[in-house]
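Asks: Sequence:
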Amino acid sequence: MLAGTSLGLAACGGEAEEPVEVAAEDAIEGVEISDARLMLPPVAGNPAAVYFELANNSDRNLAFRGAEVEQAARAEVHDMMEWDGEMVMGEAPPVMVESGGSVSFAPGGKHVMAFDLAEGFAEGDTTKVTLIAAGGRRHSFEATAQAAGDDR
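Our numbering applies: residue 2 is where the sequence shown begins, and numbers increase by one.
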């Protein structure tokens, strides 16, 4: 029995989606990622942002407490929050996803910040993104780099 998870990544040109196999040690059963993309920073040296849709089709609630991006020196899960009457971005507490629920990592909300991208990493390249759940379980998927301001 194959112990991997198929993930569909949305293609930019409306082409058919191809499933991506994930190694069993980097997959949490029932977690599905779609529409994964890494938005390159408009100014070189600034952090990039990773956006995606996460569905929890398992029978357990999950809490994601961190992330790694293969082509970045470090990554953090961020969210927008109100502070002293203003909306500010900051490091997020664990992201809870109930059984049967979903969460959007999207502009203006939750996202993964990727700091210090590898030299030469450019539009059209892909990178492995790994979400780290409570208890140390990991779920990896591929994200394609897009230029800042590109629409999906």
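What the hints contain is simulated information worked out from the structure, not anything from laboratory work. Hints are supplied without guarantee of correctness; some may be wrong.
In the SDA-like style, the derived pairs of lysine to any residue whose C-alpha atoms are separated by at most 20 Å in a straight line are [unchecked claim]:
(1) Lys111 <-> Ala56
(2) Lys129 <-> Gly31
(3) Lys111 <-> Ala123
(4) Lys129 <-> Arg66
(5) Lys111 <-> Gly67
(6) Lys129 <-> Asn62
(7) Lys129 <-> Met82
(8) Lys111 <-> Met81
(9) Lys129 <-> Asp60
(10) Lys111 <-> Arg38
(11) Lys111 <-> Met90
(12) Lys129 <-> Arg61
(13) Lys129 <-> Glu69
(14) Lys111 <-> Asp36
(15) Lys129 <-> Ala119
(16) Lys111 <-> Phe122
(17) Lys111 <-> Met82
(18) Lys129 <-> Met90
(19) Lys129 <-> Met81
(20) Lys129 <-> Glu87
(21) Lys111 <-> Gly121
(22) Lys111 <-> Ile133
(23) Lys129 <-> Glu99
(24) Lys111 <-> Asp60
(25) Lys129 <-> Ala107
(26) Lys111 <-> Thr145
(27) Lys129 <-> Phe116
(28) Lys129 <-> Asp36
(29) Lys111 <-> Ala135
(30) Lys111 <-> Val98
(31) Lys111 <-> Glu87
(32) Lys111 <-> His79
Asks: All hints are to be evaluated individually against the structure, with a verdict given for each.
Replies: So, going through the hints one by one against the coordinates:
Using a Cα cut-off of 20 Å, the hinted pair Lys111 and Ala56 holds, with the two alpha carbons roughly 14 Å apart. Between Lys129 and Gly31 the CA atoms are separated by roughly 19 Å; this keeps the pair inside 20 Å, and the hint holds. For the given pair, Lys111 sits about 23 Å from Ala123 by alpha-carbon distance, which is inconsistent with the 20 Å threshold. Between the alpha carbons of Lys129 and Arg66 the distance comes to roughly 17 Å, so the proposed pair stays at or under 20 Å and holds.
The suggested pairing of Lys111 with Gly67 holds, with an alpha-carbon distance near 12 Å, which does not exceed 20 Å. Pair hint Lys129 plus Asn62 does not hold up; C-alpha atoms about 24 Å apart against a cutoff of 20 Å. Between Lys129 and Met82 the CA atoms are separated by roughly 27 Å; this puts the pair beyond 20 Å, and the hint is violated. Among the hinted pairs, Lys111 with Met81 is consistent with the structure: their alpha-carbon atoms are about 7 Å apart, no more than 20 Å.
With a CA separation close to 26 Å, the supplied pair Lys129 and Asp60 exceeds the 20 Å bound. With a C-alpha separation of about 14 Å, the suggested pairing of Lys111 with Arg38 holds against the 20 Å cut-off. Straight-line distance between C-alpha atoms of Lys111 and Met90 comes to about 9 Å, which keeps the hinted pair within the 20 Å bound. Taking the CA atoms of Lys129 and Arg61, the gap is near 25 Å; set against the 20 Å cutoff, the hint is violated.
Between Lys129 and Glu69, the direct Cα distance comes to roughly 8 Å. Compliance with the 20 Å bound is thereby established for this hinted pair. A C-alpha spacing of about 14 Å is found between Lys111 and Asp36, which places the hinted pair at or below 20 Å, so the restraint holds. Of the supplied pair hints, the one linking Lys129 and Ala119 holds, its CA atoms being roughly 13 Å apart against a limit of 20 Å. At most 20 Å may separate the alpha-carbon atoms for a hinted pair to count; Lys111 and Phe122 exceed this at roughly 23 Å.
For the hint linking Lys111 to Met82, the alpha-carbon distance of about 10 Å falls within 20 Å, and the restraint holds. At roughly 24 Å between alpha-carbon atoms, Lys129 and Met90 are farther apart than 20 Å, so this suggested pair is violated. Distance hint between Lys129 and Met81 is unfulfilled; the C-alpha atoms sit about 24 Å from each other, more than 20 Å. For the suggested pair Lys129 and Glu87, the alpha carbons sit about 34 Å apart, so the restraint of at most 20 Å is broken.
The suggested pairing of Lys111 with Gly121 is violated, with an alpha-carbon distance near 27 Å, which exceeds 20 Å. Our distance criterion of 20 Å between C-alpha atoms is met by Lys111 and Ile133, whose separation comes to about 15 Å. For the hint linking Lys129 to Glu99, the alpha-carbon distance of about 24 Å lies beyond 20 Å, and the restraint is violated. Taking the CA atoms of Lys111 and Asp60, the gap is near 23 Å; set against the 20 Å cutoff, the hint is violated.
The straight-line distance between the Cα atoms of Lys129 and Ala107 is roughly 18 Å, inside the 20 Å bound, and the hint therefore holds. With a C-alpha separation of about 18 Å, the suggested pairing of Lys111 with Thr145 holds against the 20 Å cut-off. A hinted pair counts as satisfied when its Cα atoms are at most 20 Å apart, and Lys129 with Phe116 qualifies at roughly 14 Å. With a CA separation close to 14 Å, the supplied pair Lys129 and Asp36 stays within the 20 Å bound.
Straight-line distance between C-alpha atoms of Lys111 and Ala135 comes to about 18 Å, which keeps the hinted pair within the 20 Å bound. Distance hint between Lys111 and Val98 is fulfilled; the C-alpha atoms sit about 13 Å from each other, no more than 20 Å. In summary, the hint linking Lys111 to Glu87 is supported, as the alpha carbons are separated by about 17 Å, within the 20 Å threshold. For the given pair, Lys111 sits about 6 Å from His79 by alpha-carbon distance, which is consistent with the 20 Å threshold.
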